[in-house]
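Please work from the sequences and hints to get the whole structure.
Those protein sequences? They're chains A and B, same order as listed.
For the first sequence, my numbering assigns the number 15 to the initial residue and increments by one for each residue that follows.
For the second sequence, my numbering assigns the number 52 to the initial residue and increments by one for each residue that follows.
Check each hint, because a few of them may be wrong.
[Stated by the list, open to error] List time: in silico DSSO-like cross-link candidates among lysine-lysine, alpha-carbon distance up to 30 Å:
#1 A:144 - B:507
#2 B:488 - A:115
#3 B:593 - A:117
#4 A:21 - B:596
#5 A:115 - B:57
#6 A:115 - B:507
#7 A:88 - B:593
#8 B:416 - A:88
#9 A:115 - B:489
#10 B:593 - A:144
#11 A:144 - B:57
#12 B:57 - A:182
#13 A:117 - B:488
#14 A:73 - B:416
#15 A:117 - B:507
#16 B:488 - A:79
#17 B:489 - A:117
#18 B:596 - A:144
#19 A:88 - B:596
#20 A:79 - B:507
#21 A:42 - A:186
#22 A:117 - B:57
#23 A:79 - A:218
It should be emphasised that the hints constitute simulated quantities derived from the structure, not laboratory data.
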Amino acid sequence: MSFLEVKNVVKRFDNQSALNNVSINVEKGELVCILGPSGCGKTTLLRTIAGLETTDSGKIFIDGKDATFLPPAKRNFGIVFQSYALFPNMTVMGNVLFGLKQKVRASKAELRRRAEEVLEMVDLTDHSDKYPRQLSGGQQQRTALARAIALSPSFLLLDEPLSALDAKVRTKLRGEIREIQKQLGVTTVMVTHDQEEALTMADKVIVMNNSVVEQVGTPKEIYGNPATNFVAGFIGSMNFLKVDGGIKAIRPERIKLVGRFDTFDLKANVSAVEFKGPLTRVYARTKNAAEVSIELPSQSFDNMNIRAGAQVFLRLPEEHISRYTEAWGEIAV
Amino acid sequence: MRGKSKGQFLLLCLMLAAFVIIMVLPLFALFARAFQDNTGQFVGMANYRAYFANPALSRALWNTINVSLVTTVFSVTLGFLYAYALTRTNIRFKRFFRYMALIPIFIPTIVHAVGLISLFGRQGLITQMGFDIEIFGFIGITLSHIIFTFPQAFLMFFVTLEYADGRLYEAAESMGVKPLTKLFKITLPEIKFTLINAAFVCFTLAFTDFGAPVVIGGGYNVLATDLFVQITGLFNFNMGAVVGTLLLIPAILAFIVNRVTNIANMGAMSAKSTKLKVKKSLARDIFFFAFCSLIVLFFLTLIGALAVRAFTTFFPFNMTPTLGNFQFSPVTGGVGSFFNSVRMSLITATVGTAFVFVYAYVAEKTDGFEFLRKIAKLFSVLPLALPGMVIGVSYIFFFNNPNNPFNFAFGTVGILVMANILSFFSVPYLTIMGALKKLDREFESVSDSMSAPRWKLFTMVTVPLSLPAILETFMYYFVSSMVTISAIVFLYTPRFRVASIAISHMHAEGVFAQAAAMSLLILLVNVVVRLIYEITIHLIKKRRKQA
Ligand SMILES: Nc1ncnc2c1ncn2[C@@H]1O[C@H](COP(=O)(O)OP(=O)(O)O)[C@@H](O)[C@H]1O
Ligand SMILES: [Mg+2]
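What follows is the structure in structure tokens.
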């Protein structure tokens, strides 16, 4: 049995569905990312697991026990919000101690030692006497994390913990959070709308859309074998090509540029070339006006001498093609 | 329902029950009386027909409307010009002018009238100089009302103009828009709502005030004084109830045009817009400086006239300086009435602040119970439209009834406190609601996740973070209770007289010097309380910035 189980949970707000028959499993010690566009129900799912939101129907099991009607205080989790929700009138130390004082019966010195230990873990020892507004965004984020893990929760819930930070800090913190999570071995559910974040951090990704789970899998599976056209279109970029009886989908980097005498699947004219640093993207238009994008290492591209207007021959390897009944987003004709 | 929700549910019900007892049931008792005869029989509209059939009675209604309309026109115009001077010109001493405009808030309305009499009455300073403007009656009432509604109008315009978006004007300027066009296309639309709201507030305040007309009204009857006579002089409770319901006319009008909720929303203005850069214009600045100076001069003259009376032996015949007038004669309430006022105001401020805070907290931060919370929010704006006089009469009908289990409260300081808490509820509620809304919505979730009880979060985070709003509420309740008279005039007992009542008695007894002395004491206490408030807020802000 999984550590966390959400079974057929339904949740509506007024007349709007937020979770529509959602089921997920989270194994002990793993980091699961819930990924999906804004408004798809990620936060609601997380809050339902926390007990901060009640379910309309369905069940939630924590460590094998039915927790559907358990109040948040009894579920033993730590949570970090997008806003961090740090108490502004307390220092970093005060924030961490607030929960400890509630839950841990120990001497003051003991509690302080525990808090210091946690602050050390998130590298905030030097800032423990500062107030939240004296900290940088990244430090605030780590304070919130410290506060959440101080009580040694049996699982950790993170709601878009990095989305308020700028790109550099975000990338750095991804690694740090993941490291702390592994070190503690704490089961973690993290919500994000940033696919790169999900793909780099997660053991398992749960892709949601429109209040339902679209696919569950490892980052590789999600990226390599999108189960639905939504997942295919939402994650990374994808070419959708109309064929008899449906849609063929293939990632730009899986398309091969071949010579005119090799076997090829498509003939197209280059309409634009986009240099993206290590990679170069080539946009090409087929005879029936479908636009295809191809991505290849800039180095290989340079050796090919391709310019806008040139004719190119494309091979679409069968093993990298997914088929759907409909496209997602922009449809290539 | 979970354990935690049950606690929240009970608290929410408790708050609603409190409001039902201090507002809904008394109002119900008032309306019931208006449709009964003196034996308690239901008589439909008979009392109203009798009222309007009797010109001696119904004249008061037209008088009141008359006074209120004139007051509104003057207050709104003066308030706007004053606010304009402080926000859109380069005159000096703006801070001084701003604080001076608030003087009338710190003294009972009855004192404005007493001050005016000191200037324009038979032995008034100005009358002595040969100008007699016949202060008793329409002119006196209206002048008093203009004085005490002016700060309200000014404050509303000040907030709007101060936080208006300067970028609009800059954009207009860059497009070469003419000044007059700017006035009609930018300034007027931006103050339109404030204009309407300010007019409603001034109208309502003037419509329902009791303090000024009771001393300066002469033979000019208005509803508030009529109500007082019907209840305490003629014991005609049913006719009193009719007059009481008529006092609700502006409130009902306000609800019909949906103003009350709008006034309630004014506090929620965004402060994001950029500040306006004021252009140079000497002529304009000279005009507005003269205008503001005149207003302040007038206020200071009023206070000065009170001071002259208070510190001279027997104005205007014996001008020897003395402190003797501060030895208040026991007949009219004595110095005890002053301390009673302070005590009542302290209790009101303490209990009221706690009540408003908890009320706003459950209305804003409870999970679920949408319907009950909607009712709680609706209740919270109603007192804005509820005149003190009406609260006072309703309380007589409701609490002074031997069958009422709360009858014990009648005749105690408790009922005065209750009336005050209700009377001044809405403004503090909006202040605290604004402060609570600024707190992160996830504090509760975080605290729940750490198994901390909500009261712990409440005391350790919510309350400390709302300290400025709490202090403001305390100050507001205190100052308002120090100057109020309207509800209290029906509810005080001779054993517990407060200062504003004592002033009216002193005035009735002809001991004007003592009335003036008492007025100054009230002003002094209120200014001191306000100063303490300002300094404390300043210190808190400084500390928060440093921290
Ligand atoms: N408290 C609420 N009241 C009403 N609707 C809500 C509430 N919380 C979320 N919703 C709605 O439920 C849907 C899912 O919201 P949410 O779980 O916050 O999405 P996400 O976190 O994926 O952006 C949205 O359409 C949102 O508007
Ligand atoms: Mg969300």
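Outcome of the hint check:
| no. | hint | verdict |
| --- | --- | --- |
| 1 | A:144 - B:507 | holds (22 Å) |
| 2 | B:488 - A:115 | holds (27 Å) |
| 3 | B:593 - A:117 | violated (34 Å) |
| 4 | A:21 - B:596 | violated (49 Å) |
| 5 | A:115 - B:57 | holds (24 Å) |
| 6 | A:115 - B:507 | holds (11 Å) |
| 7 | A:88 - B:593 | violated (40 Å) |
| 8 | B:416 - A:88 | holds (21 Å) |
| 9 | A:115 - B:489 | holds (26 Å) |
| 10 | B:593 - A:144 | holds (16 Å) |
| 11 | A:144 - B:57 | violated (37 Å) |
| 12 | B:57 - A:182 | violated (46 Å) |
| 13 | A:117 - B:488 | holds (28 Å) |
| 14 | A:73 - B:416 | holds (27 Å) |
| 15 | A:117 - B:507 | holds (13 Å) |
| 16 | B:488 - A:79 | violated (37 Å) |
| 17 | B:489 - A:117 | holds (28 Å) |
| 18 | B:596 - A:144 | holds (13 Å) |
| 19 | A:88 - B:596 | violated (38 Å) |
| 20 | A:79 - B:507 | holds (29 Å) |
| 21 | A:42 - A:186 | holds (25 Å) |
| 22 | A:117 - B:57 | holds (22 Å) |
| 23 | A:79 - A:218 | holds (23 Å) |
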